[in-house]
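Here's the letter readout for the chains.
There are 2 protein chains.
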Amino acid sequence: MLSIDFTNVLADAVGADNGITKEDAATLISRTTAAHEQLEKWRASGDALFYDIVDEDCLLSGIPEKAAEVSERFDNVVVLGIGGSALGLRAASQALLPSHWNLRTKESREGRPRLFVCDNIDPESFSGLLGLIDIEKTCFTIISKSGRTTETAAQLLVVLDHLKALLGENWHENVVIITDPEAGELRPMVRELGLTAFSIPPKLGGRFSVLSPVGLFPAACVGIDVEELVNGARAMASRCSEPSLETNPGYHIGAAFYQFDTAKRKNMSVMFSYSDALMLTADWYAQLWAESLGKSGRGQTPVRAVGTTDQHSQVQLYMEGPADKVFTFVGVEKFRTPAEATRISDAPKAFSYLNGHDLGSILRAEQVATSRALTEMGRPNMTVTFPQIDAHHLGEFFMLYEVATAFAGALYEIDPFNQPGVELGKKLTREILQR
Amino acid sequence: MLSIDFTNVLADAVGADNGITKEDAATLISRTTAAHEQLEKWRASGDALFYDIVDEDCLLSGIPEKAAEVSERFDNVVVLGIGGSALGLRAASQALLPSHWNLRTKESREGRPRLFVCDNIDPESFSGLLGLIDIEKTCFTIISKSGRTTETAAQLLVVLDHLKALLGENWHENVVIITDPEAGELRPMVRELGLTAFSIPPKLGGRFSVLSPVGLFPAACVGIDVEELVNGARAMASRCSEPSLETNPGYHIGAAFYQFDTAKRKNMSVMFSYSDALMLTADWYAQLWAESLGKSGRGQTPVRAVGTTDQHSQVQLYMEGPADKVFTFVGVEKFRTPAEATRISDAPKAFSYLNGHDLGSILRAEQVATSRALTEMGRPNMTVTFPQIDAHHLGEFFMLYEVATAFAGALYEIDPFNQPGVELGKKLTREILQR
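Line by line, the protein sequences give chains U and S.
Here my numbering is used: position 25 in the first sequence is 101, and no number is missing along the way.
Here my numbering is used: position 163 in the second sequence is 239, and no number is missing along the way.
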């Protein structure tokens with residue numbers, strides 16, 4: 077079970093100007109019932125479907141079978157998708173696959189495919205990738221609920237040219253579509269050509285979709301234990317079901333960060349991961365938090381950092397710059413690499429303090445030291461700890477922050493499930509391209 | 077030559093509340109002479125050595141020869157370094173090497189080595205890497221001016237165990253050290269064992285060191301044209317020599333962003349790169365800007381974004397969240413991939429607006445559209461355009477932002493070359509490890 081430590085967000089630790097006071101807590105507690113009822117309404121209407129989807133019996137239906145076939149038959153899985161269609165999978169694959177996955181030999185991957193998540197339309201990297209892989213041995217998974225996403229459509233059109241030229245009619249076998257069950261631009265293609273497809277529930281928003289076929293199917297293709305991912309999420313959903321800030325960690329986080337933004341002048345929320353494997357969970361969180369809550373002139377900006385790397389880049393600012401941030405350390409209790417593999421025993425005098433330590437214990441010490449130093453400077457910070465990084469705990473993490481975000485949305489009194497602010501850019505893009 | 081467009085930071089474009097007014101400009105112009113004189117003093121004292129180092133005849137001395145030897149003899153270059161010892165090289169190698177460099181075959185790399193920049197001590201990824209590479213065929217480049225950086229020392233100690241076990245005394249040949257010419261913990265080892273080494277000028281700070289052996293030697297090892305990198309920087313240094321905001325783009329940027337932070341309530345500076353290859357230049361900038369200017373309770377937080385990816389993650393917040401940000405679009409006029417490679421010609425009706433376009437032209441259209449949409453919402457933004465991505469233009473970019481940062485430091489009236497705020501964390505780390 078993830079452990080969550082709020083000590084250093086409290087006024088007792090960082091002072092009344094920068095921390096949550098008893099009065100802050102009382103105000104937040106007084107609003108909890110109403111916010112909880114709002115969440116219940118969103119669940120009833122299907123807007124907060126993320127909560128309940130993990131309980132659906134058919135959630136994984138057909139996924140393990142098709143994933144096993146893809147894994148057996150193909151050397152590469154290339155996912156075409158952007159935003160919510162990419163970030164959850166990127167986070168999960170970085171967290172749960174061994175490091176340097178795509179650079180490993182097939183044997184070291186236990187025969188499982190390499191994974192490329194294409195969430196940009198940069199021509200240099202996209203055509204670089206197509207030149208690199210054996211397209212015949214590649215399963216392309218196209219993810220877009222509406223099928224109208226410009227970037228994904230453009231990628232697909234480029235890929236289809238290659239597939240058709242190489243494989244003729246057989247290209248159908250190299251494609252899996254994940255889209256709306258009925259509507260949109262991709263579903264007719266699925267029907268007409270009899271393509272393999274999985275459905276995204278129509279009410280489920282992209283940034284809340286990692287625990288649907290969007291994230292689960294490609295994750296399963298590379299051998300991630302998607303059942304445990306869902307089990308972890310389900311455990312956290314149950315932990316996050318009570319209408320109490322004390323016992324519901326999702327509500328607790330949502331309320332605290334709402335308060336920091338609106339009452340403590342912390343317009344930034346820094347997620348500081350002390351693990352390379354968890355780096356992209358911060359990118360996933362950044363979309364969730366920004367796109368859900370950044371509206372009506374309000375919202376807190378998520379900032380991604382990784383330790384210890386960013387101690388040598390951002391910590392000067394975090395320590396001595398303006399007091400405009402609240403921090404979340406995301407750490408790991410036990411790394412998957414045995415300590416012996418990186419143990420230091422024979423350090424010269426200047427580094428004698430490293431003797432007996434391994435890279436993992438040094439990393440953890442630096443995390444604790446940075447948290448303490450920030451606390452000493454009155455910078456509020458909380459810590460989420462993975463006992464170890466595995467599918468179960470990552471599932472917990474995803475659900476924890478989905479609940480926190482929805483709850484914060486209720487406190488902000490905005491709709492956390494829409495994104496009206498991106499329409500103007502889409503309209504202008506079309507105008508420019510049509511000229 | 078980089079082109080720089082300030083139109084959308086002006087009050088005429090985004091309104092007087094959010095843009096630079098005539099009065100703002102007059103205030104900044106009135107402070108330019110004094111700030112310029114401060115920069116001249118920093119140049120004279122050696123603090124602003126970054127400016128002048130690119131004119132030194134011996135800057136590249138010995139680098140091409142040793143780099144050619146490394147490139148010929150080794151399959152991998154692994155750099156151990158963190159912060160300023162890593163970020164410039166990461167930015168340069170991502171920008172200037174073909175995409176997916178480490179995944180390419182040796183032939184497609186024209187025989188040049190793969191490059192791994194290890195700027196964290198995560199035990200899973202670090203020992204994953206050591207398990208992946210043939211250590212005998214790897215050149216380890218260790219970069220630390222003081223030689224006292226905990227992370228780099230820990231990495232080196234782990235690597236030395238492997239090297240000694242595998243190669244005995246011959247391990248010396250697999251190591252290159254980049255450090256202070258006289259002082260520090262690494263120089264004695266260089267002398268005692270006769271290791272190959274390059275010097276970091278003692279006055280040159282890490283975050284200003286990309287155009288010294290720190291960035292140039294490993295870049296040369298993988299075949300980057302380091303001479304053109306320096307030429308580009310030199311050209312920009314000359315463009316940035318005049319004491320006038322109008323004609324000196326470095327001063328112009330420094331002054332504008334200082335004003336946004338201190339007078340326009342924009343405590344965030346978002347660098348929004350519309351190119352995968354330029355993504356890490358934003359990380360390099362983020363260290364430069366944060367660590368130089370984040371002190372005495374002041375400083376603007378750098379935020380990294382990449383287009384079009386982050387349109388589907390952060391743009392909702394950028395458009396409709398608080399007006400607390402100023403943006404820099406970094407775009408590319410001509411991509412290195414021929415347009416034909418990703419041209420779309422046969423799009424179905426829903427995507428007919430894509431016909432005739434290629435991924436590069438779509439990417440550029442989205443950049444322009446996003447800039448216009450932000451402008452329409454009163455969000456100030458400027459644009460830096462690379463005619464194409466190459467060593468010369470990247471050298472210009474590095475120098476442009478080094479000058480902008482130093483100039484902003486003069487306006488903030490702080491010392492942009494120190495970083496006192498990281499000491500407490502270092503002290504606490506040692507205490508924890510020594511317990």
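Just so you know, these hints were derived from the structure itself, not from any lab.
Honestly, I wouldn't trust all of these hints.
Identical chains share a label here; the pair holds if one copy fits it or two copies do between them.
Claimed, not checked - Straight-line alpha carbon distances no greater than 30 Å define the calculated DSS-like cross-link-like pairs of lysine-lysine that follow:
{"hint": "1", "residue 1": "Lys503", "residue 2": "Lys182"}
{"hint": "2", "residue 1": "Lys425", "residue 2": "Lys240"}
{"hint": "3", "residue 1": "Lys182", "residue 2": "Lys142"}
{"hint": "4", "residue 1": "Lys142", "residue 2": "Lys279"}
{"hint": "5", "residue 1": "Lys502", "residue 2": "Lys425"}
{"hint": "6", "residue 1": "Lys117", "residue 2": "Lys503"}
{"hint": "7", "residue 1": "Lys182", "residue 2": "Lys98"}
{"hint": "8", "residue 1": "Lys117", "residue 2": "Lys410"}
{"hint": "9", "residue 1": "Lys98", "residue 2": "Lys279"}
When Cα atoms must be at most 30 Å apart, do Lys142 and Lys279 count as within-copy, between-copy, both, or neither?
Intra 24 Å, inter 60 Å, cutoff 30 Å: intra-copy only.
Is it within, between, both, or neither for Lys425 and Lys240, if the alpha carbons may be no more than 30 Å apart?
For Lys425 and Lys240, only the inter-copy Cα distance (19 Å) is at most 30 Å; the intra-copy one is 64 Å.
Reference check for the pair Lys502 and Lys425, CA-CA at most 30 Å: within, between, both, or neither?
Only across copies: Lys502 and Lys425 sit 17 Å apart there, 60 Å inside one copy, limit 30 Å.
Between Lys182 and Lys142, at a C-alpha cutoff of 30 Å, which is it: within one copy, between copies, both, or neither?
The answer is within: 20 Å in one copy meets 30 Å, while 34 Å across copies does not.
First find the shortest C-alpha distance between Lys117 and Lys410 inside one copy, then the shortest across copies, and answer within, between, both or neither for a cut-off of 30 Å.
Answer is neither: 39 Å inside a copy and 50 Å across each miss the 30 Å cutoff.
Checking an output row: Lys98 and Lys279, CA cutoff 30 Å. Within, between, both or neither?
neither (38 Å within a copy, 49 Å between copies)
Using 30 Å as the alpha carbon limit, work out where Lys117 and Lys503 are close: within a copy, between copies, both or neither.
Classified as neither; 32 Å inside a copy, 50 Å across copies.
Regarding Lys503 and Lys182, is the shortest C-alpha distance of 30 Å or less found within a copy, between copies, in both, or in neither?
neither (44 Å within a copy, 44 Å between copies)
Treating 30 Å as the Cα threshold, decide for Lys182 and Lys98: within, between, both or neither.
Intra 56 Å, inter 62 Å, cutoff 30 Å: neither.
The structure fails to meet hints 1, 6, 7, 8, 9 from the earlier list, while all remaining hints are met.
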